[in-house]
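Chemist: Sequence order for the protein chains is A and B. Residue numbering for the first sequence follows the UniProt record's numbering, beginning at 1 and increasing consecutively. Residue numbering for the second sequence follows the UniProt record's numbering, beginning at 1 and increasing consecutively.
One should not assume that every hint holds.
Derived Cβ-Cβ restraints for the label pairs, each shown as a range [claimed, not checked]:
| # | chain 1 | residue 1 | chain 2 | residue 2 | range |
| --- | --- | --- | --- | --- | --- |
| 1 | A | Pro367 | B | Asp32 | 47 to 53 angstroms |
| 2 | B | Glu382 | A | Arg417 | 51 to 57 angstroms |
| 3 | A | Gly450 | B | Pro403 | 19 to 25 angstroms |
| 4 | A | Asp297 | B | Glu377 | 55 to 61 angstroms |
| 5 | B | Arg418 | A | Arg418 | 39 to 45 angstroms |
| 6 | A | Arg195 | B | Asp32 | 41 to 47 angstroms |
| 7 | A | Gln379 | B | Lys74 | 42 to 48 angstroms |
| 8 | A | Ala381 | B | Arg418 | 52 to 58 angstroms |
| 9 | A | Val474 | B | Ala422 | 50 to 56 angstroms |
Reference listing, derived: stretches of chain A covered by chain B, where coverage requires no fewer than 3 residues with Cβ under 8 angstroms from a Cβ of chain B [as the list claims (entries may be wrong)]:
| # | region |
| --- | --- |
| 10 | 15-27 |
| 11 | 38-45 |
| 12 | 91-100 |
| 13 | 119-130 |
| 14 | 272-284 |
| 15 | 378-385 |
| 16 | 408-416 |
Chain A stretches covered by chain B per the calculated footprint, using a threshold of three residues with CB under 8 angstroms from any CB of chain B [said to hold, decoys possible]:
| # | region |
| --- | --- |
| 17 | 81-87 |
| 18 | 334-345 |
No lab work stands behind these hints: they were computed from the structure. The beta carbon of each residue, even a glycine, is placed where N, CA and C say it ideally should be.
Chain residues, written in single-letter form:
Number of protein chains: 2
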Amino acid sequence: MVAIRFGLFYEHQMPRTGEQGEEQRLYSDALDQIEIADRVGFDYVWEVEHHFLEEYSHSSAPEVFLAAASQRTKRIRLGHGIVQLPPGVNHPARVAERVATLDLVSGGRVDFGTGESSSSAELGGFGVRRGEKRAQWSDAIDAITRMFVEEPFAGWESKYLQMPPRNVIPKTVQKPHPPLWVACSRRETIHFAARNGIGALSFSFVEPEDAAKWTEEYYRIIENECVPAGFAVNPNVTVVLPMMLHEDEAVAIDRGIDGAHFFGFALAHYYGTTPHDPGRTNVWEEFLERRAQSGFDRDQIIANAEALNVNVGSLRGAVGTPDQVADLIRRYEAAGVDQVSFVLQAGNNKHEHICESIELFGKSVLPRFVEGREEREAQKAERLAPAIEAALARRKPARELPPGYRIDEDAELVRARRAKRAARPTGVRPALALVRDEARGSARRQMQKGFYRLIHGRSDAEIERRFGPRAQRVFFAGMARQYDASMAGGFEGELEFRLTRADGTVSPWTIVVRDGKARARMGEAREPVLTIITGAADFLRTLSGDANPASLLMDGKLKLRGDFELAPKLSEMFGGPSPY
Amino acid sequence: MVAIRFGLFYEHQMPRTGEQGEEQRLYSDALDQIEIADRVGFDYVWEVEHHFLEEYSHSSAPEVFLAAASQRTKRIRLGHGIVQLPPGVNHPARVAERVATLDLVSGGRVDFGTGESSSSAELGGFGVRRGEKRAQWSDAIDAITRMFVEEPFAGWESKYLQMPPRNVIPKTVQKPHPPLWVACSRRETIHFAARNGIGALSFSFVEPEDAAKWTEEYYRIIENECVPAGFAVNPNVTVVLPMMLHEDEAVAIDRGIDGAHFFGFALAHYYGTTPHDPGRTNVWEEFLERRAQSGFDRDQIIANAEALNVNVGSLRGAVGTPDQVADLIRRYEAAGVDQVSFVLQAGNNKHEHICESIELFGKSVLPRFVEGREEREAQKAERLAPAIEAALARRKPARELPPGYRIDEDAELVRARRAKRAARPTGVRPALALVRDEARGSARRQMQKGFYRLIHGRSDAEIERRFGPRAQRVFFAGMARQYDASMAGGFEGELEFRLTRADGTVSPWTIVVRDGKARARMGEAREPVLTIITGAADFLRTLSGDANPASLLMDGKLKLRGDFELAPKLSEMFGGPSPY
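Full structure from sequences and hints, please.
Modeler: So this is what it looks like as structure tokens:
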């Protein structure tokens, strides 16, 4: 049994109203809330880094916000979660500097969350190629952790970063550096976190029972095969959930469900293919207009004792009474989850309700989980110690620059340019491959955009008429072609799709994944690992980005049979974007 | 008569001791000091951004430090001074985001200082070409101020920044944006600040009587010919001085002079050509060993009533009694300076002495300058209003992106690459010119390094023997060749050099600047604008970076006749580096 810790999680959401001073109030309210959380015993406050995601997240400089929070709090840990590591967004030296400075002003309370960046708004805004962001993450985290421990940092010459030897100052209070985390949204990335020996910060609103499998695999990898990305291992799994607490369940729902649903809706907006016109698109209005058809119908949420058992996937999350939420947490605890972090400041949720919930959590929920926590954590540390020691021995050690180096601006600039040139693919063949991959990705996304326009606003009947069985064949063949084995986390087997039509007929399709390849055929599967049952029109809406599977699922318009946890990663396996 | 405001100025200096926890103490002491300053009535706290400048400045993430300070203070303004604007250091969108976020958490208390970056450690570390940093500053400040006011920012396609339309959020509390400043170290950059309609943050330790000419020119340009870089004009001139205050002058000197001198020594170390081995060079020890020969002899500073009249140039600054310092401030006030900012945390200056000085300043100096300040400021604003209105009408207005833009990652990446390619010089000729300029700059700096090794540690006699009149001819011809008209601020006329030798003989040399060109000849000048009298050996030491003119001046080893204020800009005019 693990010890469980609690966090608050901030996106700084702000439905567009145009009111004077609303951003300032949002920030000052959040600081007040965190002050309360610190007092009542929350362990973490997490603050995202997102750029240009109007309404969904006005938290573009979390280093500034968390530094402000550091002076309003005494013991709560400051989760810098997540910093976008592609060097086009943040120069690695600037990341090391700001993390260290935050560690200094907070007296060593920083947790350093990392991510690749993922929305089109951010990747396009900073000119980061989607196909290279994982490689950029790996490169940057290696460089940054070396900046923490090497004195001086011995320099870097990769495709993404060229930097001469420098002593990067200041240094962190925590040694060798603050605990590392990575944003995860799929089982594959949880594995990735484990292989890198860093904490998994999971945003996939996973049910406790599914989380159990994730944590089991996570710790198996940590104990057996991880090669740490940093110079310390941080074995921890955190799940993130919307929350609102009240003794009266109906009040909790009334206060919290719109915010939770807006959170889900706006996430789908920015990470799907919904068109976005910067400064103009009003996501909050779109939410109010389209929430029901997107699966976020307010009326479907009914207060009842069993609610939290089934509705995590629908973003009901931890909206309920202290008993309900404590029960939910117990299940995560049983699943081996180390931390649950709550999103309270979502949509238009009210400041006073958030403060009340935090106080109530501190009074009525948190005390149930405190007893024996330190002991259990000590036991866990002791149990993992040999594995961690072995893992750290596998990581390439800190380098020692021989004395006598001299800073030399001109020579360094020349060397950096040479290194950058050398990292570029040379010759006609790799260059052509690059152009081709880019053209393909681009063409695909262009096609999806056109597709969205054909689908959006049409009735089921219209869509079914326009896209018959022949069109279905094209789409399934396309999915199979776009299959990306690196995103499949080793999955092999049959995926079955049963597309129902208004006239009651069903078209069965199967995609077989084997030997790193996918193949589509019409007809039922022999041994489907997962069967997806949905309307033909809704299926096409999903492909076009006009509907999202989680919402359909909650609406009862999409049913799953078999290995549920495979479902959320289908879109990545077949070439779609993910939220982190 | 202007109204004068007061600031504290932080570099976060930390002589290398290797003690555990020293950086954390440095930061936490600074926060305590700022809290006192806020309480006793200081108006500004300025925090630099410097990278890799060990010992001289451990302030690499001022956005984090100032955010912490925002929650410890109520009314003091937070001077982000200066943010390095080359996009290789900070992406312009990240700068806009952090300035806005700091403005939010501080309730609108940010002043936004900007600079080009200038040390070899920083330019080489981030791969910024020295010859392009001014152009990068201009490009970035235009983009950043548009990010503040355009909603959405309509995008950017220049040589240095390619960014598609995005709504950069959050927005600042202060409208249209926080007051802008630029770091200045020479008369030329003061003019530059005025032409751009932004505050001049001057680091050149200028004497009050010289400052009068600067402010006069500054306000003449503001009123007549400025084209604002931002969307508001910030007409202000700030000077920065070391400070330590005590009723007993000898105590003030004892507590403050080493810090002030280390400040000057370390500045010369990083902005001259002294070799630096990252993580190894001990600047504090070099200071202790070489302070006297570098002109920072502790014993030369003697408590006497007239001290502050003559020693500003020697970094005595505002180290003295309340009466002395108030007198000095009166002279700056009379010179039209709008703000004096004090460096207290320098070298090994003690926390308790700094706190005492801040308290004493609040009690005994500040009250003398408060009366009628608001009225005088209102008068100034009223007087300048028509000129500012006219200036703002000259600035290209905020753009309005037509509605209907759609975020499109692929298309945006392709467009960014195309824009970058288009901005590159094409064809053989410009490309060759680029290579040539770079090779020249590099060769020059290489030569200077070799020269340093020939000079360093030699006696006057050795140097005179080795470099006779023939060598002098080579150096003067070289200076004339390296003359850069863009750094001369319109100067024309004769500069005379009188090089004295141990045997009592004098070699006179003249450099004539006319029509954008410089020419050197042996012999006295007819009408020298400035005459520089120094030993032949010291002159060569200065050229090699082994001595610095300010120290020689203070030591009496260098004398000036004529237009004093021309002297500090000689090194830039003839191709040397500057501290900002």
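Chemist: Which hint numbers doesn't this structure obey?
Modeler: 1, 5, 9, 11, 15, 17 and 18
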